[in-house]
Amino acid sequence: MKYTAALLALLSTLAVSCNREKRLGNVTPGAAASVQGTRESELQPGAVIPSADISNPFEGNYDAMNQGRRLFSQFNCSGCHSPGGGGAIGPPLIDDEWIYGNNPANIYETVVKGRPNGMPSFGGKIPSYQIWQLVTYVRNMSNAAASRKGEK
Amino acid sequence: MPAKDYANTRFSGLDQIHTGNAGALKLVWSYSTGVTRGHEAAPLYVNGTMYYVTPFPHTLVAIDAATGAKKWDYNPKPVPASKGVACCDEVNRGAFFSNGRLYYVTLDNQVVAVDANTGREAWKTRVGDIQLGESMTMAPIVVKNKVLVGNSGGEFGVRGWIKALDATTGSVLWTGYNTGPDKEVLIGPDFRPPYAEDKGTDLGVTTWPPDHWKIGGGNVWGWVSYDPELDLIYYGTANPGPWNPDIRPGDNKWTAAVIARRPDTGAVAWAYQFTPHDVYDYDGINESLLADLPIGGRTRKVLLRAERNGFFYVMDRATGRILSAEPFMYTNVVKSVDLNTGRPIEDKSKAPGFNRMAKNICPAVPGAKDWEPMAYSPKTGLVYIPAINLCMDMEGVEANYIAGTPYTGHKTLMYAGPGGHRGEFIGWDPVQNAKRWGIREQFPVYSGALATAGNVVFYGTMDRWFKAVNAITGQVLWQFRTASGIIAPPMTFRGMDGKQYISVADGVGGWAGSIVAAGLDARDGYADKGFVNAMKDLPAHTSSGGTIYTFALP
Numbered sequence: 001m002k003y004t005a006a007l008l009a010l011l012s013t014l015a016v017s018c019n020r021e022k023r024l025g026n027v028t029p030g031a032a033a034s035v036q037g038t039r040e041s042e043l044q045p046g047a048v049i050p051s052a053d054i055s056n057p058f059e060g061n062y063d064a065m066n067q068g069r070r071l072f073s074q075f076n077c078s079g080c081h082s083p084g085g086g087g088a089i090g091p092p093l094i095d096d097e098w099i100y101g102n103n104p105a106n107i108y109e110t111v112v113k114g115r116p117n118g119m120p121s122f123g124g125k126i127p128s129y130q131i132w133q134l135v136t137y138v139r140n141m142s143n144a145a146a147s148r149k150g151e152k
Numbered sequence: 153m154p155a156k157d158y159a160n161t162r163f164s165g166l167d168q169i170h171t172g173n174a175g176a177l178k179l180v181w182s183y184s185t186g187v188t189r190g191h192e193a194a195p196l197y198v199n200g201t202m203y204y205v206t207p208f209p210h211t212l213v214a215i216d217a218a219t220g221a222k223k224w225d226y227n228p229k230p231v232p233a234s235k236g237v238a239c240c241d242e243v244n245r246g247a248f249f250s251n252g253r254l255y256y257v258t259l260d261n262q263v264v265a266v267d268a269n270t271g272r273e274a275w276k277t278r279v280g281d282i283q284l285g286e287s288m289t290m291a292p293i294v295v296k297n298k299v300l301v302g303n304s305g306g307e308f309g310v311r312g313w314i315k316a317l318d319a320t321t322g323s324v325l326w327t328g329y330n331t332g333p334d335k336e337v338l339i340g341p342d343f344r345p346p347y348a349e350d351k352g353t354d355l356g357v358t359t360w361p362p363d364h365w366k367i368g369g370g371n372v373w374g375w376v377s378y379d380p381e382l383d384l385i386y387y388g389t390a391n392p393g394p395w396n397p398d399i400r401p402g403d404n405k406w407t408a409a410v411i412a413r414r415p416d417t418g419a420v421a422w423a424y425q426f427t428p429h430d431v432y433d434y435d436g437i438n439e440s441l442l443a444d445l446p447i448g449g450r451t452r453k454v455l456l457r458a459e460r461n462g463f464f465y466v467m468d469r470a471t472g473r474i475l476s477a478e479p480f481m482y483t484n485v486v487k488s489v490d491l492n493t494g495r496p497i498e499d500k501s502k503a504p505g506f507n508r509m510a511k512n513i514c515p516a517v518p519g520a521k522d523w524e525p526m527a528y529s530p531k532t533g534l535v536y537i538p539a540i541n542l543c544m545d546m547e548g549v550e551a552n553y554i555a556g557t558p559y560t561g562h563k564t565l566m567y568a569g570p571g572g573h574r575g576e577f578i579g580w581d582p583v584q585n586a587k588r589w590g591i592r593e594q595f596p597v598y599s600g601a602l603a604t605a606g607n608v609v610f611y612g613t614m615d616r617w618f619k620a621v622n623a624i625t626g627q628v629l630w631q632f633r634t635a636s637g638i639i640a641p642p643m644t645f646r647g648m649d650g651k652q653y654i655s656v657a658d659g660v661g662g663w664a665g666s667i668v669a670a671g672l673d674a675r676d677g678y679a680d681k682g683f684v685n686a687m688k689d690l691p692a693h694t695s696s697g698g699t700i701y702t703f704a705l706p
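The listed protein sequences correspond, in order, to chains A and B. Under the working numbering, the first residue of the first sequence is numbered 1, with each subsequent residue one higher. Under the working numbering, the first residue of the second sequence is numbered 153, with each subsequent residue one higher.
If you are wondering where the hints come from, they were derived from the structure by calculation, not from laboratory data. Glycine residues also receive a C-beta, built at the ideal position from the N, C-alpha and C atoms. Any given hint could turn out to be false.
[Stated by the list, open to error] Non-contacting residues of chain A with respect to chain B, defined by C-beta distances greater than 12 Å in every case (computed):
1) N61
2) S78
3) K125
[What the hints assert, rightly or not] Estimated spans, in silico, between C-beta atoms of each pair:
4) A/I49 x B/K222: 54 to 62 Å
5) A/Y100 x B/S695: 33 to 41 Å
6) B/A692 x A/S73: 49 to 57 Å
[To be verified] With a Cα cut of at most 27 Å, we get these calculated BS3-like pairs of lysine-lysine:
7) B/K156 x B/K511
8) B/K688 x B/K511
9) B/K688 x B/K651
10) B/K351 x B/K366
11) B/K502 x A/K113
12) A/K125 x B/K366
With these hints in hand, go ahead and build the complete structure from the sequences.
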């Protein structure tokens with residue numbers, strides 16, 4: 001029984017990840033390319049296609065958030081964004097202004113790809129799950145700060 | 153040149169504007185630089201044309217000094233990624249004019265030479281690497297056809313150096329490191345340190361944990377001065393890295409020091425460390441102002457330093473011996489300087505470290521004076537010091553070295569010092585070591601000072617005032633409300649029409665003004681290395697900006 005359950009779980013995981021990893025094969029001439037990552041602009045020409053947001057596998061997970069807090073310091077994010085997220089060399093992370101978007105995939109891509117005005121590119125240097133842990137922590141920073149609005 | 157002369161006096165012999173008429177100064181023209189980050193450069197004036205280097209992207213603009221008409225501009229096209237390794241805003245401290253060209257540096261480690269007539273690039277040489285966390289912000293000095301430049305990066309584990317480039321071709325002639333073995337620091341048989349403890353072999357290695365000097369700081373982001381008679385250049389080195397001192401036991405030579413080198417070869421003549429084993433980020437990069445002063449009954453060739461630790465040093469510039477060192481601002485960490493050994497006597501109980509939050513440290517990290525340069529008037533005999541009155545709490549935390557990212561390891565909170573005013577503009581007697589007068593300011597005074605023979609001194613404030621002050625009495629003669637706060641040095645020139653003009657750029661920012669220039673969040677006092685806590689009210693006084701103003705008598 002255990003094996004069957006395990007096998008089913010493995011197969012469904014493979015199925016899900018297969019879909020997620022699916023590359024664009026032969027593109028029919030005239031067919032539009034879909035957005036593999038996530039949009040960084042609200043503006044779309046023509047009719048609006050709802051965003052297929054990639055969700056954070058660790059959303060709401062406190063252990064991930066705590067790991068993210070540790071990594072935020074270890075990878076020197078705190079050096080540019082300040083330990084409390086108020087910003088310095090990099091912009092603040094505790095407010096509600098997001099240059100490159102604040103949905104989990106935007107933040108994930110910011111860390112992986114870097115950004116043109118000084119955000120370094122961590123892609124290929126740290127494992128994907130750690131980036132999601134950082135995403136969890138960073139998104140929590142602005143939520144926590146929002147609840148402290150008005151506090152000096 | 154930005155400092156007026158090789159001695160860095162920032163004193164002009166012009167006296168058309170004097171204490172009797174300065175009150176009548178009027179705006180002649182203004183010019184918007186098109187950039188709104190911290191403007192830290194003074195304009196340069198050469199033969200009817202004014203030149204200015206903006207913050208990133210470091211456009212060099214040439215302006216008709218009489219009318220404010222734009223002549224041309226040049227853009228060195230620095231890479232935007234370099235903004236990610238700029239510790240303290242995307243600033244530039246200006247160009248140097250020599251032999252028909254303007255020389256300056258860019259954030260992405262290029263040194264450029266531009267023809268002053270045409271704006272065409274003569275050469276561009278890359279001397280550093282942002283992948284190592286290196287950047288450049290200082291104003292070069294050109295001595296004997298050599299362009300002297302230094303790197304920034306004390307917050308990124310960058311090993312500090314000063315280089316000489318051939319002013320004609322742009323090729324690198326020599327590199328003097330500020331940490332590491334004597335061979336690379338260029339300490340040789342001619343090295344004569346003024347104090348016994350600095351005699352030894354490879355002190356730039358042995359005063360560090362193994363190999364730590366390679367990422368140890370000692371950068372050169374401040375001012376360089378030159379004595380043509382002694383043939384010595386003088387400059388200072390920045391903090392050791394990381395900020396957390398427990399990670400780097402030892403004196404950490406040659407950081408937080410003043411170094412004298414021969415411009416032809418870079419060989420070190422003498423060196424003195426203001427702050428051995430620095431624990432407060434007291435960079436030693438401030439200007440070395442050279443003057444000949446009557447001390448002890450005879451004229452002494454001295455070097456004057458208003459240092460971060462709150463002490464005003466008068467040193468023999470031939471030997472490096474300290475003649476006097478007295479506090480010019482309130483300080484509670486350095487009690488005195490032992491003139492026999494050269495060592496500062498510190499209150500060790502105030503040192504931060506792992507699990508040690510030291511409180512009420514005065515001065516705070518930017519010091520009693522940061523890079524903003526003072527001026528000296530041979531007419532009044534006074535030095536005009538733009539000063540900062542901040543204290544701080546500081547703690548050391550773990551620091552991870554990852555090339556290209558910050559390497560500091562601290563938690564800091566700054567706040568106003570005793571009295572509640574965060575800045576002061578001081579008239580200081582360097583011979584008597586006495587304060588003659590002081591003008592208290594709400595915010596740290598980050599503009600440089602300008603002294604003139606008309607006995608009028610000029611400075612600007614972060615809350616948008618440009619002031620003319622009686623150099624003898626300290627009385628404010630005139631002030632003008634600029635559009636944004638001022639963190640740049642003013643300058644004066646005699647136009648082609650024979651009239652005296654005063655110019656200054658506004659545009660708040662820099663480290664102190666990043667809360668405005670970079671839009672930081674005031675709710676996190678620890679942000680911006682602790683400066684946000686001390687500047688939470690700055691946004692209520694000023695926005696960012698960038699305008700050059702030129703004034704004259706009507």
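In ascending order, which of the hints set out earlier in this document are inconsistent with the structure?
2, 3, 4, 5, 6, 7, 9 and 11
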